[in-house]
Amino acid sequence: MEIKWYLFLALALFVLGITGVLTRRNSIIIFMCIELMLNAVNLLLIAFSKMHLTNANAFSGSVATSGQIFVFFIMIVAAAEVSVGLAIIVMYFRNTRSVDINFLNRLKN
Amino acid sequence: MDVFSFLYLIPLIPFAGFAINGLLRNYLSKSGAAFIGSAAVFISFMLSVMVFVNVLKPEFQTQIIHYFDFLNFGNISIEFGFQIDQLTSIFLLIITGVGFLIHLYSAAYMHEETTASFARFFAYLNLFIFSMLLLVMGSNFLVMFMGWEGVGLCSYLLIGFWFKDPENNKAANKAFIMNRIGDVGFLLAMFWIMAQFGTLSYDTLFNGDNAALLQQTADTTFLIGVTLLLLIGATGKSAQIPLYTWLPDAMAGPTPVSALIHAATMVTAGIYMIARSNLLFAMTPFTLTVIAVIGIATALLAALIALKQNDIKKVLAYSTVSQLGYMFLALGVGAFSAAVFHVMTHAFFKALLFLGAGSVIHAVGGEQDIMQMGGLGKKMKVTFSTFLIATIAIAGIPPFSGFFSKDEILLAAFNSNPVLFVLGVAGALLTAIYMFRLVALTFTGSYRGTYDKNKIHESPALITFPLIVLGILSLVGGWIGIPELFMKDGNRLEHFLDPIFAQAHKILPASHVAHQTEWMLMGVSTVLVIIASVWSYIFYKRSKEDKTGNKFALAMRNKFYVDELYDVIVVKPVMWISKIFELVVDRRVIDGFVNGVGKAVVYGSRQLRLLQSGQVGSYILLMVLGLMALFIIQMFL
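Residue numbers (the working numbering), protein chains in the order written: chain A, 15 to 123; chain B, 6 to 642.
Hints may be right or wrong, so weigh each one.
Unchecked claim - Negatives, chain B to chain A, calculated, CB over 12 angstroms:
| no. | residue |
| --- | --- |
| 1 | Met51 |
| 2 | Leu76 |
| 3 | Thr119 |
| 4 | Leu158 |
| 5 | Leu193 |
| 6 | Thr250 |
| 7 | Asp316 |
| 8 | Gly371 |
| 9 | Lys383 |
| 10 | Asp457 |
| 11 | Tyr542 |
As the list claims (entries may be wrong) - Examples of chain A residues toward chain B, derived with CB under 10 angstroms:
| no. | residue |
| --- | --- |
| 12 | Ile32 |
| 13 | Val35 |
| 14 | Leu36 |
| 15 | Thr37 |
| 16 | Arg38 |
| 17 | Arg39 |
| 18 | Ile44 |
| 19 | Ile115 |
| 20 | Asn116 |
Just so you know, the hints here were simulated from the structure itself, not pulled from any lab data. We put the beta carbon where it would ideally sit given N, CA and C, even for glycine.
Kindly produce the complete structure, drawing on both the sequences and the hints.
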């Protein structure tokens, strides 16, 4: 399978994620979109790692495996970030009975 | 003891006098202030005498004492130093000697002032002496310019001494501003010399056969340009056409000021400057002609105006302008030592005239109009006799001093161009006429004024003593310049000053007037002058009214409307331009610009504030856009 298909897929996922972050009003949906972006990057890293392993001996070994290990790191960070973020949304919900981000406009002017 | 190692004391002590009198003016008594001021100048006078004694010695060489460098890199060097030679020593004696007498006089004349004001006066006088000494002792043009500016400043301070009266302030402003106009010329000349030679020092430029100026390959643009610019500076300081109108107005100041500054010293600074740069001027015949023409024109114009003035000080002021014209005439025909000689004799008799006028004004309670005077001779014998001596001297009647100096000038003028001689004699006749008119109307006849006659008395000793000393000098001061015609080995002054003017005399055509011609010229001019003097004295002794019959007389009375002319040509356009600048440039352009910056900032900030909507979504959008921009830029750079 050529690498470009994986690239396009990852790109599409990433762009969808960004659009979602910018457009949606529900903060939980925004979180999901952030996860989507992170997963798109993970996908990309695995795809390149596999590419290096199958392709040649120039890059081989360590580069490929470090790509996969990096994925693990990203997942860990994503998990931590989600727990903190959800905690904030819960607090926010308790104060304003809603998850709509437009009510955050106390920073105005 | 070598006086030259103490040379710096000569200007320093008057400066110390200025500092003491100025700073402690609220604490000193009047006699204390007067003593400090006069003693300072007296010490300088003693030192100047010692310098002169040294200069007279036959083995004397020009002394140049270098104190420190202002600038010294490459081939540019400007240093602070003093140069003592024959020319300097004569001026030193005049400045400190006459200055000292005037300090004594002021102690009595200004006694009606408050104590603080009195001390302030002496402080200014000392500052003036300091600046003038700096001017004549400097070893290069820069030090001269420092003194030049200093005397201009002191002239302003002293003319406007009674500053509560706005008329005095206007006169002081006029003097200073006209001086300044001349100073522009002087500065430009200095810059040009600096650019051409890299030095302003007299020694390098003018001295000996290696003089830098002589290496100059007849670059006439430079010569004519520099000399004309220097001339502009001199006309401003020495009140020649066209920058002379400040001098009559400067009579608003106290009389000792008029005597010191506007008769004996400051106005001779221009003559000194030209005498110092004589080599430069000798190489430029064109400028010499210009100087001679300006000189004789000024001499005649001022003499005509003086003929119809009624204020005693104004007559003397125009007389000063006229005599300065004679000095310029002398310079213009290459008779440099004659000009210096006339500076000296003029200092004596003009200071005497002014001091005598002050004595008269004091006696009649402040009146200055000679039509309100008369018959004062009987009550003020010393003042009258010394005034008369000075008048005879200025008219140029032998054996008084003015005769010898004026005669030398006229002879040199004849040698250059007989027309100048004729005009010069005409001016001398006018001088005799208006001066004897002044004497007659003031001292003879009967008193026409309103002041109580019994109160008129001779002035105190502090006033009459300087008058007597100056009277003696006006009588004998000319005898150092007796021409060779009368006695062999005569004209000591000219030989004394020979080393200064030697180079110039090599370049200029030598004088070649036969002895018989000389006798004849001298005789003719003297006889005419004596006739004019006697006629004028008798005529005005009997005159009772003040006539301005025809239009020409009216024009003379009104100073030929020169002030009004300047007002239209210079003052009004400058005021008009300045008004335009205020209304258009200052208000609209500059204020608009400055206020506009302020307005732009407020507008910008208002627009920027809109970014802070508080909408998280837009914040995130902006973040993403910023990141994208960074990446794109990074890719393309």
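So, going through the hints one by one against the coordinates:
{"no.": "1", "hint": "Met51", "in the structure": "holds (83 angstroms)"}
{"no.": "2", "hint": "Leu76", "in the structure": "holds (60 angstroms)"}
{"no.": "3", "hint": "Thr119", "in the structure": "holds (66 angstroms)"}
{"no.": "4", "hint": "Leu158", "in the structure": "holds (60 angstroms)"}
{"no.": "5", "hint": "Leu193", "in the structure": "holds (61 angstroms)"}
{"no.": "6", "hint": "Thr250", "in the structure": "holds (68 angstroms)"}
{"no.": "7", "hint": "Asp316", "in the structure": "holds (77 angstroms)"}
{"no.": "8", "hint": "Gly371", "in the structure": "holds (76 angstroms)"}
{"no.": "9", "hint": "Lys383", "in the structure": "holds (96 angstroms)"}
{"no.": "10", "hint": "Asp457", "in the structure": "holds (87 angstroms)"}
{"no.": "11", "hint": "Tyr542", "in the structure": "holds (96 angstroms)"}
{"no.": "12", "hint": "Ile32", "in the structure": "holds (6 angstroms)"}
{"no.": "13", "hint": "Val35", "in the structure": "holds (6 angstroms)"}
{"no.": "14", "hint": "Leu36", "in the structure": "holds (5 angstroms)"}
{"no.": "15", "hint": "Thr37", "in the structure": "holds (8 angstroms)"}
{"no.": "16", "hint": "Arg38", "in the structure": "holds (8 angstroms)"}
{"no.": "17", "hint": "Arg39", "in the structure": "holds (8 angstroms)"}
{"no.": "18", "hint": "Ile44", "in the structure": "holds (9 angstroms)"}
{"no.": "19", "hint": "Ile115", "in the structure": "holds (5 angstroms)"}
{"no.": "20", "hint": "Asn116", "in the structure": "holds (6 angstroms)"}
Comparing the model with each numbered hint stated earlier shows that all of them hold.
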